[in-house]
Amino acid sequence: MNCKTPTTLILGLSPHSTYSGRIIGSDRLTVEPELAMDDILDPFGNRLIRLRAPAGRLALNADCVVEVEGEPDPFDWNAQQRDVADLPPETLPFLMASRYCESDVLREDAWRLFGGTPMGWARVQAISNFVHNHLTFGYGFGRPTKTAADAFKERTGVCRDFAHLMIALCRAMSIPARYASGYLGDIGVPPSGPGDFSAWTEVYLGDRWYTFDARHNIPRIGRILMVRGRDAADGAMMTTFGAYDLELFKVWTDEVEGRGDDDLKELLRRQPVGEALTLAPV
Numbered sequence: 022m023n024c025k026t027p028t029t030l031i032l033g034l035s036p037h038s039t040y041s042g043r044i045i046g047s048d049r050l051t052v053e054p055e056l057a058m059d060d061i062l063d064p065f066g067n068r069l070i071r072l073r074a075p076a077g078r079l080a081l082n083a084d085c086v087v088e089v090e091g092e093p094d095p096f097d098w099n100a101q102q103r104d105v106a107d108l109p110p111e112t113l114p115f116l117m118a119s120r121y122c123e124s125d126v127l128r129e130d131a132w133r134l135f136g137g138t139p140m141g142w143a144r145v146q147a148i149s150n151f152v153h154n155h156l157t158f159g160y161g162f163g164r165p166t167k168t169a170a171d172a173f174k175e176r177t178g179v180c181r182d183f184a185h186l187m188i189a190l191c192r193a194m195s196i197p198a199r200y201a202s203g204y205l206g207d208i209g210v211p212p213s214g215p216g217d218f219s220a221w222t223e224v225y226l227g228d229r230w231y232t233f234d235a236r237h238n239i240p241r242i243g244r245i246l247m248v249r250g251r252d253a254a255d256g257a258m259m260t261t262f263g264a265y266d267l268e269l270f271k272v273w274t275d276e277v278e279g280r281g282d283d284d285l286k287e288l289l290r291r292q293p294v295g296e297a298l299t300l301a302p303v
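Just so we're aligned, residue 22 is where the sequence shown starts under this note's numbering, counting upward by one.
Careful, some of the hints might be misleading.
[Said to hold, decoys possible] Capping the alpha-carbon separation at 20 Å, the derived lysine to aspartate or glutamate pairs in DMTMM-like fashion look like this:
hint: 1; residue 1: LYS25; residue 2: GLU53
hint: 2; residue 1: LYS271; residue 2: ASP48
hint: 3; residue 1: LYS167; residue 2: GLU111
hint: 4; residue 1: LYS167; residue 2: ASP255
hint: 5; residue 1: LYS174; residue 2: ASP255
hint: 6; residue 1: LYS174; residue 2: ASP125
hint: 7; residue 1: LYS286; residue 2: GLU88
hint: 8; residue 1: LYS271; residue 2: ASP217
hint: 9; residue 1: LYS174; residue 2: GLU129
hint: 10; residue 1: LYS25; residue 2: ASP217
hint: 11; residue 1: LYS25; residue 2: ASP266
hint: 12; residue 1: LYS167; residue 2: ASP125
hint: 13; residue 1: LYS25; residue 2: GLU55
Think of the hints as simulated: they come from the structure by calculation, not from any bench.
Sequences are here, hints too, so could you generate the full structure?
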C-alpha cells in the first residue's frame with residue numbers, strides 16, 4: 022500500500038485468541054519498513070495490531086502453517102432455541118440490531134419467511150438455506166457500506182453480506198447470532214480457485230455457539246478464525262486512519278499435509294508457489 026499521509030492501521034490478521042491449534046512458523050505480521058507495533062486484545066477476544074506508518078510505501082506480510090482437527094463444522098439437529106429469559110448474559114448483545122445487521126428493519130420479513138418453521142436448528146438451517154439461495158455471490162457486489170437490509174433488497178453480495186443477512190434474520194427471530202471471519206481453504210471439497218478470507222455466522226443454540234455458513238451452506242473443514250463480533254464493524258481485518266492507496270492484496274490458503282515440521286519450516290522460507298487470490302485496483 023502507498024500511504025499518502027501518515028496513517029494509523031488497526032489490523033485483525035492473526036488467529037483468534039481462542040484458537041488452540043499448533044502453529045508452525047510465526048503468525049505475527051512483518052512490516053516493511055520496520056515499525057513499532059502494539060498488541061491489543063479487544064473485548065471480543067480478537068488479537069489486533071496497531072501501527073503508525075509514515076507517508077510512503079508500506080508492505081505487510083504474514084505466513085505460517087496452522088494445524089486443524091480435520092473435522093467438518095459440528096452440527097446438532099436436536100439443538101434447541103432458548104427463551105431469551107434463559108440465555109446466558111454474554112449472548113444478549115448478539116440479539117440486538119447493529120451497524121450492518123438491522124434486525125429491526127427485517128423483523129417483519131423474517132417472521133413472514135420463518136415464523137412457521139420449527140424452532141431450533143431447523144429454523145436456523147431454514148434461514149441459512151434462504152440466504153444461500155436468495156443472494157448471488159460476486160466480488161463486484163461488495164461495498165463497505167452495504168448492510169443486511171441492502172443485501173436482502175439487492176439479492177447480491179460477498180461472503181460478509183451472506184453472514185450479515187443471516188445474522189440479522191436470526192436476531193429478528195430472537196436467536197443470538199454473531200459475525201466471524203478468517204481463513205477458509207478448499208479442504209474436503211472440489212477446488213474452487215485461490216484461497217480466500219471468508220466470513221460466516223455463529224449462532225447460539227442449546228448451550229453453545231455453532232457455525233453456519235450461508236454462502237457455502239455445507240459444513241466445511243479447516244476454518245481458521247481470526248476475528249468475531251456483532252458484525253464486520255467489530256471484526257474488520259484492516260481499519261485505517263489516513264489516506265492511502267491499496268496497490269496489491271494477495272491471499273493464499275493452501276492445504277499442506279503429510280510433511281514433518283522441518284519440511285514445513287523450509288516451505289515457509291519460500292513464497293507459496295500456488296496461485297493466490299489477488300485483488301488490485303482496476
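Here's how the hints hold up against the structure:
A C-alpha spacing of about 16 Å is found between LYS25 and GLU53, which places the hinted pair at or below 20 Å, so the restraint holds. Distance check on the hinted pair: LYS271 and ASP48 sit about 16 Å apart at the alpha-carbon level, within 20 Å; holds. Between LYS167 and GLU111 the CA atoms are separated by roughly 27 Å; this puts the pair beyond 20 Å, and the hint is violated. For a cut-off of 20 Å, the pair hint linking LYS167 to ASP255 stands: about 15 Å separates their Cα positions.
Between the alpha carbons of LYS174 and ASP255 the distance comes to roughly 24 Å, so the proposed pair goes past 20 Å and is violated. For the proposed pair LYS174 and ASP125, the alpha carbon gap of about 15 Å is at most 20 Å, so the pair holds. For the suggested pair LYS286 and GLU88, the alpha carbons sit about 13 Å apart, so the restraint of at most 20 Å is met. Distance restraint check for LYS271 and ASP217: the Cα-Cα separation of roughly 9 Å lies within the 20 Å cut-off, and the hinted pair is therefore satisfied.
Between LYS174 and GLU129 the CA atoms are separated by roughly 14 Å; this keeps the pair inside 20 Å, and the hint holds. In summary, the hint linking LYS25 to ASP217 is not supported, as the alpha carbons are separated by about 28 Å, beyond the 20 Å threshold. Of the supplied pair hints, the one linking LYS25 and ASP266 holds, its CA atoms being roughly 8 Å apart against a limit of 20 Å. Among the hinted pairs, LYS167 with ASP125 is consistent with the structure: their alpha-carbon atoms are about 16 Å apart, no more than 20 Å.
Taken as a hint, the LYS25 and GLU55 pair is honoured in the structure, with Cα atoms around 18 Å apart against an allowance of 20 Å.
In the structure shown, a violation is registered for the earlier hints numbered 3, 5, 10, in ascending order.
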